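Trainee: Those sequence lines, one after another, are chains Y and D. In terms of our numbering, the first sequence is residues -19 to 234. In terms of our numbering, the second sequence is residues 7 to 251.
Watch out, some of these pointers could steer you wrong.
Result set (EDC-like, lysine to aspartate or glutamate): computed pairs, CA atoms no more than 16 Å apart in a straight line [what the hints assert, rightly or not]:
1) Y:Lys(-6) / Y:Glu12
2) Y:Lys119 / D:Asp25
3) Y:Lys114 / Y:Glu74
4) Y:Lys43 / Y:Asp8
5) Y:Lys114 / D:Asp25
6) D:Lys192 / D:Glu211
No lab work stands behind these hints: they were computed from the structure. For clarity, every value in this text was computed on a predicted model and none was experimentally measured.
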Amino acid sequence: MPRLKYTGPAIEVKEASFHYKKIKAVDDLSLEVPQGISFGLLGPNGSGKTTLIRLLVGLLRAKSGSVRTIGRPPSRKISRFVGYMPQLSSLYNELSIYQNVDFFARIYGVRNKARRRKLVEEAINLVDLWERRKDSVHKLSGGMKQRVSLACAVVHRPQLLFLDEPTVGVDPALRVTFWEYFRSLTQRGVTIVISSHTMDDAAHCDRLIFMRQGRVIAQGSPDELTRATGDPKANLEDAFLYFVRREEGKSLAK
Amino acid sequence: MPSNAFPIAGRVIHQLVRDRRTLALIIIVPLVVMTLISYSFPENKAMLSLYAPALLATLALFFSFLLTGISFLRERTQGTMERMMASPVSRLDMVLGYLLGFFIFALTQSLIVLMFTIYVLGVTYSGDLWQIFIFLIVIVTMAVNLGIFASAFARNEFQMIQFIPLIIFPQVFLCGVIWDVESMHKVLQWIAKFLPLKYAVGGMEGIMIQGSSLLDVGFELGILVAFVVAISILAALTLRRGSAG
């Protein structure tokens, strides 16, 4: 696939805010993600992860501040270099697995038939559904739909990939496969932004942020974050709670 | 160049073709409705022939609107619309793609009803059959876009169905389907001027009853085309990126 030549950070967010009516979903958030890493957005439901991703793919516009992906504001022009897997499985239920993946390959600009066939086959194999490629999506279980949805997001080989809770409903064995695949992507220079509320996913990320109420309360590698707690036995769950408490202490002190 | 319109149209067609029951309903329901209406005219073919153009225009509007409205709404609620909006697909691609995809079904449906009305129910008509076709195409195009546009204001299928009394019923009663527009109160006549079905009915009656050509009903045709353009623009506006809710 053609790549956009650009050496700066994959993502630059400066003091971005977004609110739905009265709810502040993203609050004065700044962020920089270098290229070629997996970057985790961790936080409880309602902490602003999905809104942040929707700002980054251009589905929402920040009310203030700036958002840049691959050096540019998110737009249709650069969207072919970007992959997006929404939280809902967002598939065409009447169509087969193959037809779904093929459709997304087409609208993301894979015009050549032979090449498209190869990419679609590769993507479906990746999620281990090739045997069932002719089945309608409505016959599939939740976890399988999630896998098809991932195949649709990666089929055009994007250089920046947004995955909104991709591992929900995916069994542990396949989750390991997913992470091996994500690792192979980042090694090829692809940047992956992945939201999750399970600390199991978090441990796999190169870098991550903890989010709460639309703000970043901590960022670093999983190691750095656990070490910051001062407890050598702390896991990421402990680290998250540690930072939440520290944040609450701060706001009380104000 | 709206190059993504074809993949979208192809996908829409695949979706409907794979859904056998819906496909059957699309064809059978209008025929059943048309048959019932025709037999409700007591042994009077001439009377039915008088009403047939208006009925054909109304059925084309109603079924095309319903078909696109619900399908497009599903796209909005199941999240695939959001996915498309994050892709390189443009608004023009989406509107044209949908138009093309649904159009084929909506038109097939309208043609089957037309043929059935003429050859099975024995409705007589003057004017050329191909000119009736062309006029139907314009009505169907208008209805398809109206469905896309209206679906933006519904959150679920239940609400979409509520739009039928709002969008379809007033048109049926005010646009000369049942009684002549000229016999209505001044205010109602004035309202009817802004309703596309008035021109659809006027044009169909012109061709089928008076044997006019498309040129003769150029006024009605022109206004309908203007409606098509205006509604398409409105439909495209509902697909704005960066405004997802």
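Trainee: Each hint: holds or not?
Mentor: Against the structure, the hints:
{"no.": "1", "hint": "Y:Lys(-6) / Y:Glu12", "in the structure": "holds, 9 Å"}
{"no.": "2", "hint": "Y:Lys119 / D:Asp25", "in the structure": "holds, 13 Å"}
{"no.": "3", "hint": "Y:Lys114 / Y:Glu74", "in the structure": "holds, 11 Å"}
{"no.": "4", "hint": "Y:Lys43 / Y:Asp8", "in the structure": "holds, 10 Å"}
{"no.": "5", "hint": "Y:Lys114 / D:Asp25", "in the structure": "holds, 14 Å"}
{"no.": "6", "hint": "D:Lys192 / D:Glu211", "in the structure": "violated, 22 Å"}
The structure shown violates just one earlier hint, number 6.
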